[in-house]
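Sequence order for the protein chains is A and B. If you count by numbering that gives the first Met the number 0, then the first sequence holds residues 0 to 480, one letter each, in order. If you count by numbering that gives the first Met the number 0, then the second sequence holds residues 0 to 369, one letter each, in order.
There may be inaccurate statements among the hints.
[Unchecked claim] In silico DSSO-like cross-links for lysine-lysine, where the CA-CA straight-line distance does not exceed 30 Å: (1) K412/A x K190/B; (2) K349/B x K412/A; (3) K327/A x K412/A; (4) K215/A x K190/B; (5) K10/A x K36/A; (6) K46/B x K349/B; (7) K215/A x K349/B; (8) K306/A x K104/B; (9) K412/A x K399/A; (10) K190/B x K327/A; (11) K327/A x K306/A; (12) K215/A x K324/A.
[Stated by the list, open to error] Partial list, computed: chain B residues near chain A (C-beta under 8 Å): (13) A17; (14) I18; (15) E82; (16) A102; (17) R105; (18) R153; (19) T166; (20) V175; (21) S239; (22) Q240; (23) L268; (24) S271; (25) Y346; (26) K349.
[Stated by the list, open to error] A few chain B positions that, by computed beta-carbon distances, are all more than 12 Å from chain A: (27) T29; (28) D140; (29) A198; (30) T256.
Keep in mind that the hints were calculated from the coordinates and are not lab data. Here a beta-carbon is modelled for each residue, glycine too, at the ideal position from N, C-alpha and C.
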Amino acid sequence: MAATLTGRNTKLRDDLIRLLGAERVMDSALERHLYAKDAGVYRGNPTVVVMIETTEEAAQVVRTARRHGVPVVARGAGTGLSAGAVPEVGGVVLVTTRMNRIEEIDAENHTAWVGPGVINLDLSRATTPFGMHFAPDPSSQSACTVGGNIACNSGGPHCLSEGSTVNHILALEVVTDTGDVMIVGSGAPDPVGLDLRGIIVGSEGTLGIVTRALVKLTPNPPDVRTMAVAFATIEDAAATVSGIIAAGLIPAALEMMDQLMMQAIENWLHAGLPVEAGALLLAEVTGVTEAVEAEAEMIAGIAQSNKALSVQVAASPAERELLWKSRKSAFGAVAQAAPDYYLHDTVVPRTRLVEAMRQVYEIGQRYQITMMNVFHAGDGNLHPLMAFDASEPGRLDEVKAAADELVELCVEKGGVLSGEHGIGMEKRHLMPLLFTEMDLDAQARVKDAFDAEGVFNPGKVLPEGSRCFDFGRPVPEGAWV
Amino acid sequence: MKTPFGAIPAADISADQAIPPAEIALAPTTLEQASQALRIATERRMKVLVWGGGNHQGYGHRVHPDMVLITTSLDRIEVWEPEDLTIVAEAGARISQVEEMLAGKRQTTVLPHHSPTATIGGALAAGLSSYKRFRYGPTRDRVLETKVVTGDGRIVRSGGRVVKNVTGYDIPRLMVGALGRMGLIGSVCLKLLPTPAAAVTVSVEDPADALAALYRPLAVLSTPSGHSAFLWGTQAEVESQAARLGGEMLNGHAWPTVPSRLVGWSLRLPPSRLSEGLERLPEGWDYVAQQGVGIAECAADQVEIGAARELRGWAESVGGALVLTDGPETLYERIDPWGRAPAGLEYQRKLVAGFDPFGVLNGGRLPGGV
Ligand SMILES: Cc1cc2nc3c(=O)[nH]c(=O)nc-3n(C[C@H](O)[C@H](O)[C@H](O)COP(=O)(O)OP(=O)(O)OC[C@H]3O[C@@H](n4cnc5c(N)ncnc54)[C@H](O)[C@@H]3O)c2cc1C
Numbered sequence: 000m001a002a003t004l005t006g007r008n009t010k011l012r013d014d015l016i017r018l019l020g021a022e023r024v025m026d027s028a029l030e031r032h033l034y035a036k037d038a039g040v041y042r043g044n045p046t047v048v049v050m051i052e053t054t055e056e057a058a059q060v061v062r063t064a065r066r067h068g069v070p071v072v073a074r075g076a077g078t079g080l081s082a083g084a085v086p087e088v089g090g091v092v093l094v095t096t097r098m099n100r101i102e103e104i105d106a107e108n109h110t111a112w113v114g115p116g117v118i119n120l121d122l123s124r125a126t127t128p129f130g131m132h133f134a135p136d137p138s139s140q141s142a143c144t145v146g147g148n149i150a151c152n153s154g155g156p157h158c159l160s161e162g163s164t165v166n167h168i169l170a171l172e173v174v175t176d177t178g179d180v181m182i183v184g185s186g187a188p189d190p191v192g193l194d195l196r197g198i199i200v201g202s203e204g205t206l207g208i209v210t211r212a213l214v215k216l217t218p219n220p221p222d223v224r225t226m227a228v229a230f231a232t233i234e235d236a237a238a239t240v241s242g243i244i245a246a247g248l249i250p251a252a253l254e255m256m257d258q259l260m261m262q263a264i265e266n267w268l269h270a271g272l273p274v275e276a277g278a279l280l281l282a283e284v285t286g287v288t289e290a291v292e293a294e295a296e297m298i299a300g301i302a303q304s305n306k307a308l309s310v311q312v313a314a315s316p317a318e319r320e321l322l323w324k325s326r327k328s329a330f331g332a333v334a335q336a337a338p339d340y341y342l343h344d345t346v347v348p349r350t351r352l353v354e355a356m357r358q359v360y361e362i363g364q365r366y367q368i369t370m371m372n373v374f375h376a377g378d379g380n381l382h383p384l385m386a387f388d389a390s391e392p393g394r395l396d397e398v399k400a401a402a403d404e405l406v407e408l409c410v411e412k413g414g415v416l417s418g419e420h421g422i423g424m425e426k427r428h429l430m431p432l433l434f435t436e437m438d439l440d441a442q443a444r445v446k447d448a449f450d451a452e453g454v455f456n457p458g459k460v461l462p463e464g465s466r467c468f469d470f471g472r473p474v475p476e477g478a479w480v
Numbered sequence: 000m001k002t003p004f005g006a007i008p009a010a011d012i013s014a015d016q017a018i019p020p021a022e023i024a025l026a027p028t029t030l031e032q033a034s035q036a037l038r039i040a041t042e043r044r045m046k047v048l049v050w051g052g053g054n055h056q057g058y059g060h061r062v063h064p065d066m067v068l069i070t071t072s073l074d075r076i077e078v079w080e081p082e083d084l085t086i087v088a089e090a091g092a093r094i095s096q097v098e099e100m101l102a103g104k105r106q107t108t109v110l111p112h113h114s115p116t117a118t119i120g121g122a123l124a125a126g127l128s129s130y131k132r133f134r135y136g137p138t139r140d141r142v143l144e145t146k147v148v149t150g151d152g153r154i155v156r157s158g159g160r161v162v163k164n165v166t167g168y169d170i171p172r173l174m175v176g177a178l179g180r181m182g183l184i185g186s187v188c189l190k191l192l193p194t195p196a197a198a199v200t201v202s203v204e205d206p207a208d209a210l211a212a213l214y215r216p217l218a219v220l221s222t223p224s225g226h227s228a229f230l231w232g233t234q235a236e237v238e239s240q241a242a243r244l245g246g247e248m249l250n251g252h253a254w255p256t257v258p259s260r261l262v263g264w265s266l267r268l269p270p271s272r273l274s275e276g277l278e279r280l281p282e283g284w285d286y287v288a289q290q291g292v293g294i295a296e297c298a299a300d301q302v303e304i305g306a307a308r309e310l311r312g313w314a315e316s317v318g319g320a321l322v323l324t325d326g327p328e329t330l331y332e333r334i335d336p337w338g339r340a341p342a343g344l345e346y347q348r349k350l351v352a353g354f355d356p357f358g359v360l361n362g363g364r365l366p367g368g369v
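In isolation and in its complexed conformation, chain A is listed as follows (with noise of 0.2 Å):
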């Protein structure tokens, strides 16, 4: 199914409409270009758009599609960064927005069964009455999908304490390559058999359609400190980082920010961020007052021998949801501020923190490009911000070289591709950075497990060629290599 499929295909959307309706099955040049792409950089080609609104309506455009010989692309929101529902070849968008029941929230086990177009936040909404809430928490947590989450394993900014969203999910209920539907986990602890729950989360929609999730909710802390700790360099700040988690503490979030954002920030939001300082952390820690206390005293002394230029405790939920709102719509205020942007996402370990930021300004200059930093400090996870103009010629290559050095940086740290945002179109060629072509074969073995024809987001994920014939190749009984 590799062949890239262009314009309308008549027969398909006909089908389709037979089985949706009208209403929900999408394909004047308008519609295709409006789901041609996610939130970040690159652009695809669907061949129909279509709406579903239930399991049985999403194993029938897989059977579909199928018939047809075109690949199927899972979406949600479409707030992804790394290309994951562009539909590159072309093929059946398959939008689960609708799906956006909160089915049944059982208090008693902290889960509730979701549709996978439910959205973060509203999810940690329903379930706020029985004092839970839905730990992963993307930035993007208004608009983005729980469909979405599963299949990019996204984090945010509490991820640091309670880990990315594959640990928040039991169960799912896949439709597969087939057309069949099968539920994988459950609400019971270790499922036996192989964990094909956990192999899911986290694939792009490479491997099955999710169509609904049994969440795990998380109780709400008794009490919070947040703190903004305000520093003249970068480096402070992330030498800062370093030592609350060599000191054995891990906050419940650790977020950090650079002058430029704070200031792109401000000029949205006004909300009193220390413009003047070089670099802000936001620290908060969550538990029992004792708790929270004792850790609030640990970091902030922490943060001053590291000459800290300010501390100051969210005094009230007010004063602490400002400083959340601030760092949560930091790209929604560059967006205001630059025609476009590039949002990056890699990983070091969270040692070399303060020599990576160093290097990730310099390719910046090196580039004559704007980098403004807001990410996950305390799990390494690093946000390089590149603010352009696409109209400009040749600059969106630029800006994509630079994407890749700063790629090429972290991995010789030690570090990894992506933390959150996925693989998808983005960094496929990147893979081999950090992996052996061996190892490519293997992941590329979990896939045709799944998948083998390739109906499920083809091209994503893995570099083309990922798939080594050389490898475990049938040897014969009784040969001796």
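Given chain A, work out where chain B with the ligand should sit, using these hints.
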């Protein structure tokens, strides 16, 4: 004696282990040696059993091996980055020894180490988590990178040595609980946790009340002789939490001993069903039950197939399982150790086939004979 490729013949290192009889028993000292052994096994279609500390060999369908690969000579600590809270260790390293080393800097893998001989690879392969999982989640959530040797001898690395990573398929997670079917786990990178300053154990009357009164305790465990809450944190924190419970308080963690008798069962239930599950245990079974998690590790003096079937039937009807974890060989012929096979068996088979095309490695051990 030296073998053709330098691995140590097992007899030289572990005469005391209860390793099942096999044509060959080897203890590779490098992944390359393990790779060579598995290539030979694949060429000759030999059945291979991977053996760590031998503590969890009761899990799954029995394997009658032609070759045993002992991992205990793969026991190097490759890198420990205390400041990053990560460690890379070979899979044959004993958890107890690793924990001893980590304790020097007040860090922990949070892996279970009731047995001094338990290895990291064994715990991972069996998918075991410690009693601290109510607070810290299962072992699976802390495996960052694995290097495995596939059934046909390929050395495959996946994941990465950082705490947050979505680069490629999460193969490391798949290795946990795979009982070696996806490959011999050679080395792993684990996310570590800092060990808090204070630890106490408080006896409680009602585990449900204890769970309700506490904010994310380390564990609340039940045994036939009573219930205890285990707390961990700063001194002030554990004292205030303990005060909420009011029961008798002991400094340190008085973990119950894991019940061990002729037959071992693991009862796994949605947490809210655990109390009912305990009521349904056959007369005389010993157990340690993890409240809020939904697991009861049980031990029985007798082979009670009828009673076990009844309990299993009920457990499965509420979405759980009753897994045989230990017992006499003949028991495994009379009752399926896993019970009802999970969904997606064909995908499990295909995954395994990609990593072990000829089914040499711990073949058939998983549910459904995968
Ligand atoms: C301003 C901004 C801030 C962001 N902040 C964060 C952040 O803090 N942390 C973070 O991790 N990410 C962040 N992101 C990235 C993005 O929001 C997340 O990756 C999110 O989980 C994507 O969800 P979505 O519903 O938009 O998915 P989409 O973009 O629609 O799809 C993403 C991927 O998921 C697949 N997919 C979607 N639904 C399904 C399904 N039901 N079954 C199978 N596959 C499916 C798609 O095929 C695609 O590969 C941010 C993005 C933006 C624009």
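Exercise for the section: Please confirm whether T29/B is truly not at the interface, meaning its C-beta sits more than 12 Å away from all C-beta atoms of chain A. Expected result: Correct as stated: the minimum Cβ-Cβ distance to chain A is 17 Å, above 12 Å.
Exercise for the section: Would you check the hint for K215/A and K324/A, treating anything up to 30 Å between C-alpha atoms as holding? Expected result: Holds, at about 25 Å.
Problem - Consistency of the no-contact label for T256/B, given chain A and a CB cut of 12 Å - result: 21 Å, holds
Problem - Q240/B as an interface hint toward chain A, with CB separation required under 8 Å - result: 6 Å, holds
Problem - Hint consistency between K327/A and K412/A [alpha-carbon to alpha-carbon, up to 30 Å] - result: Roughly 28 Å separates the two Cα atoms, so the pair holds.
Exercise for the section: Take the C-alpha atoms of K190/B and K327/A, compute the straight-line distance between them, and say whether it is at most 30 Å. Expected result: 27 Å, holds
Exercise for the section: Grab the minimum C-beta distance from S271/B to chain A and call the hint holds if it beats 8 Å, violated otherwise. Expected result: 4 Å, holds
Handout entry: Satisfaction of the A102/B interface hint, Cβ to chain A closer than 8 Å
Key = Since the shortest Cβ distance to chain A is 12 Å, the answer is violated.
Handout entry: Minimum beta-carbon distance criterion (8 Å), S239/B to chain A
Key = 5 Å, holds
Handout entry: 30 Å limit on alpha-carbon distance, applied to hinted pair K46/B and K349/B
Key = Roughly 19 Å between the alpha carbons, so the hint for K46/B and K349/B holds.
Handout entry: Agreement of K327/A and K306/A with the hint, judged by alpha carbon distance not exceeding 30 Å
Key = 26 Å, holds
Exercise for the section: Under 8 Å, Cβ to Cβ, is where I18/B needs to be relative to chain A, so tell me if that hint holds or is violated. Expected result: 25 Å, violated
In summary, the structure is inconsistent with hints 2, 13, 14, 16 and 28 from the numbered list given earlier, while agreeing with the others.
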